[in-house]
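Novice: So the protein sequences, as listed, match chains X and D. Using our numbering, the first residue of the first sequence is number 1, and each one after it goes up by one. Using our numbering, the first residue of the second sequence is number 368, and each one after it goes up by one.
Check the hints yourself; a few may be wrong.
Derived coverage of chain D by chain X (criterion: at least 3 residues anywhere in the stretch with Cβ under 8 angstroms from a Cβ of chain X; other residues may be distant) [as the list claims (entries may be wrong)]:
1) 374-384
2) 399-413
3) 420-428
Cβ-to-Cβ under 7 angstroms is the rule here; a few derived chain D residues that face chain X [claimed, not checked]:
4) Leu388
5) Leu494
6) Val495
To be clear, the hints were calculated from the coordinates, so they are not data collected in a lab. No residue lacks a Cβ here, since even glycine has one placed at the ideal position from N, Cα and C.
Here is what each chain is made of, one letter per residue.
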Amino acid sequence: MRHCSVVRGFSLCLSILGLWLVTSGPRPAWAGTPVEPQNMGGHTSVDTAEEQTFDPSKVILHHIADAHDWHLYDHTDAEGMIHPVSIPLPVLLWCQGTLHTMMSSAFDHGHARPVSKGLTFQMDEHGHISEASGLRVLDFSITKNVASMLISVVLLVLIFGSVARSYTRSEQRLPGGMARFLEPIILFVRDDIARPNIGEHRYQRYMPYLLTAFFFIWINNLLGLLPTGANLTGNIAVSLVLAVFTMVITNWSGNKHYWGHIFKPHVPLWLYPIMVPVELVGIISKPIALTIRLFANITAGHIIILSLISLIFIFKSMAMAPVSLAFVLFMECLEMLVAVLQAYVFTLLSALFIGLATAEPEPNEHH
Amino acid sequence: MDLVTPQLGLLVWPALSFLLLLLVLRKFAWKPILDSVNERDAQIRQALDAAKDAREAMVRLQADNEQLMAQARAERDQLLTEAKKTRDHLLSEARSKAEEEGKRLLDLARQEIENERKATFTEVRNLVATLSVDVAEKLLRKELHKDEAQEAYLQQQLRELNIPAR
């Protein structure tokens with residue numbers, strides 16, 4: 001296990017570095033100056049839009065990123081102007097000790113500069129909101145991802161509320177309706193994830209977290225696969241939050257044996273300066289692994305699907321559409337599998353980490 | 368918005384809503400669901416145990432029944448043998464009694480016959496005696512018709528009586 005955490009920590013550092021190089025190195029197209037006319041999300045004449053070459057990476061990165069409004073489609077009016085049609089979402093900004101609220105439509109996709117309580121705000125083409133005079137702005141907006149997540153939360157409460165009711169209604173505690181489908185999954189989380197990894201005596205405490213994490217990730221993965229769906233679980237902030245939950249629970253429930261393993265490893269004393277930092281890195285590297293795994297898997301799936309759709313526009317031919325759609329259909333099916341698989345992997349690893357932190361030492365264990 | 372830069376809003380809202388979701392689902396979903404499943408598991412285990420007990424009881428009952436049957440059969444056999452013995456006994460008793468009775472009747476009959484025979488014999492003898500006397504009388508009457516014959520006879524009788532001559 002110790003070797004594993006060392007190797008994993010190192011490889012993670014490498015992969016993060018690699019990811020950073022990939023995203024920042026080749027200077028992606030969307031990182032251009034904000035004055036340039038936009039393909040997405042701006043009022044541009046058709047002529048200029050068609051003169052521009054189609055840039056798939058820009059479109060794809062726009063689609064997998066979060067946004068302040070829920071973009072549905074673009075509409076071209078009689079004058080040949082493109083109007084993005086989107087659902088406006090609330091923008092909540094914390095600046096100079098006060099909360100500034102407005103709808104995202106007030107920014108008119110970056111063309112307007114709304115004024116709130118004497119402060120002027122502006123939005124760049126990536127959706128970053130800043131104050132005109134350069135004051136520090138904290139953005140707590142209900143973005144597309146947050147809105148999608150709130151929908152998923154409501155869905156989960158409704159679904160599992162109804163599942164729970166179907167049990168309490170029945171005299172023999174028989175599942176009814178959705179519970180018939182969901183009970184085997186709940187029991188799978190209990191019997192194949194929690195029990196074997198955490199242990200028969202302790203697993204029950206962690207069941208609520210594991211079940212919530214599993215179904216939260218799963219439903220958000222699935223919602224992300226819907227057309228115009230948000231890429232919530234493929235957002236590094238969201239996967240980071242989930243991983244931090246696992247980290248907090250793991251270390252909160254870590255027993256004497258677990259902490260002893262970190263601060264008093266069974267190695268010669270002169271190795272302590274190496275071993276203790278390595279073990280401490282292990283505490284951090286586990287949630288980082290969880291974060292990157294979920295984020296990368298879901299984002300990668302979205303990128304592949306969007307790339308396949310982009311093929312139609314790259315070839316500029318409707319003949320490409322059936323080919324593209326066939327591939328997209330295949331990928332969507334695969335992503336449905338990945339959706340549940342990543343939920344499973346996240347839950348399994350969480351259970352494993354909790355199990356390692358709470359395991360009692362074997363009576364005859366030697367180090 | 369950058370791909371790998373976590374945004375503040377997307378850290379705060381998911382954290383809050385996930386925590387809230389966790390608390391709400393724990394109270395209103397996971398607890399009732401898992402409790403129900405456990406309760407049902409217990410019910411099923413109980414039912415299985417009960418079924419096992421019932422099966423064992425059935426087997427026991429069957430064994431008891433068989434034992435009872437065997438006992439009843441043995442009792443019946445015993446009763447039958449006893450009845451047979453009694454019957455035989457009664458029969459033989461009746462037979463011996465009948466035999467005895469027959470013998471007694473036979474004896475009686477035999478005695479009767481004997482008596483009859485004796486009576487008949489006596490009667491016949493008497494008759495023969497009477498007849499003999501009659502015949503003798505007639506003979507004598509004829510013989511002793513003459514006087515000398517009477518004399519000779521007397522003389523003979525007297526001789527036979529061996530009365531010494533004087």
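Novice: Each of the hints needs a verdict: does it hold here or not?
Specialist: Verification of the hints:
no. : hint    : in the structure
1   : 374-384 : holds (count 10)
2   : 399-413 : holds (count 8)
3   : 420-428 : violated (count 0)
4   : Leu388  : holds (5 angstroms)
5   : Leu494  : violated (121 angstroms)
6   : Val495  : violated (123 angstroms)
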